[in-house]
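Chains A and B, in that order, are what the protein sequence lines are.
Numbers 6 to 116, taken from our numbering, label the letters of the first sequence in order.
Numbers 7 to 120, taken from our numbering, label the letters of the second sequence in order.
Warning: the hint list may mix true and false statements.
Unchecked claim - No more than 30 Å apart at the CA atoms, straight line, and that leaves these computed lysine-lysine pairs for BS3-like: (1) Lys74(A) with Lys63(B); (2) Lys113(A) with Lys15(B); (3) Lys63(B) with Lys57(A); (4) Lys63(B) with Lys15(B).
Hints are computed from structural coordinates only; laboratory data are not their basis.
The lines below spell out each chain.
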Amino acid sequence: LAKTTQPISMDSYEGQEVNITCSHNNIATNDYITWYQQFPSQGPRFIIQGYKTKVTNEVASLFIPADRKSSTLSLPRVSLSDTAVYYCLVEEAGGGNKLTFGTGTQLKVEL
Amino acid sequence: DSGVTQTPKHLITATGQRVTLRCSPRSGDLSVYWYQQSLDQGLQFLIQYYNGEERAKGNILERFSAQQFPDLHSELNLSSLELGDSALYFCASSVAVSEQETQYFGPGTRLLVL
């Protein structure tokens with residue numbers, strides 16, 4: 006079972022780029038990495054998903070190095086509304102799909 | 007709004023009791039997941055169902071059980087409740103069961119055991 010770790014918290018200013026890294030040393034060959042955003046008293050919301058190299062969508066980029074033992078969520082030009090907890094999720098493939106969420110990173114964006 | 011609904015929103019009960027949490031997935035989604043979120047444990051995957059059948063099991067206690075009905079809604083049953091069961095319980099749904107599937111989370115049920 007992949008164990009994931011993330012920084013507990015990060016602070017940033019509006020307009021800056023924020024990079025949050027998740028470590029998943031025991032990731033298996035077919036596992037995918039997904040990032041979710043969670044606001045207080047709400048369920049997590051999908052941000053981005055990837056397997057290797059780089060994935061980009063309208064809100065974020067996801068960088069995964071060749072060894073796949075970590076992944077970095079990049080949020081360009083954050084705003085106050087990006088203040089939330091960000092979780093990485095490693096989904097194990099091959100019958101069972103056991104799901105391991107990271108410890109979560111509290112991002113605080115200030116003016 | 008993710009399209010996933012959960013009831014009740016809040017639930018307060020006493021130790022030793024039994025409760026049932028209900029989840030309705032997004033229209034068309036066949037897979038349902040249950041998670042427990044507490045301050046000290048973070049988001050913990052409990053169990054997954056796909057089209058009525060149990061698909062995967064995570065850190066679910068023996069006192070807990072779940073099922074998915076023919077109309078695809080799911081229920082999570084928690085029995086012999088303990089103080090430590092107080093947490094937010096989330097349900098999520100996805101179209102299928104691939105590891106590439108996006109999960110859509112409901113608003114959660116906040117359970118308080120006194």
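These are the hints, each one checked on the structure:
A hinted pair counts as satisfied when its Cα atoms are at most 30 Å apart, and Lys74(A) with Lys63(B) qualifies at roughly 24 Å. Proximity of Lys113(A) to Lys15(B) is assessed by CA-CA distance (about 27 Å); at most 30 Å being required, the pair is judged to hold. Our distance criterion of 30 Å between C-alpha atoms is met by Lys63(B) and Lys57(A), whose separation comes to about 26 Å. Of the pairs offered as hints, the one joining Lys63(B) and Lys15(B) holds, with about 24 Å between alpha carbons and a cut-off of 30 Å not exceeded.
In summary, this structure violates none of the numbered hints.
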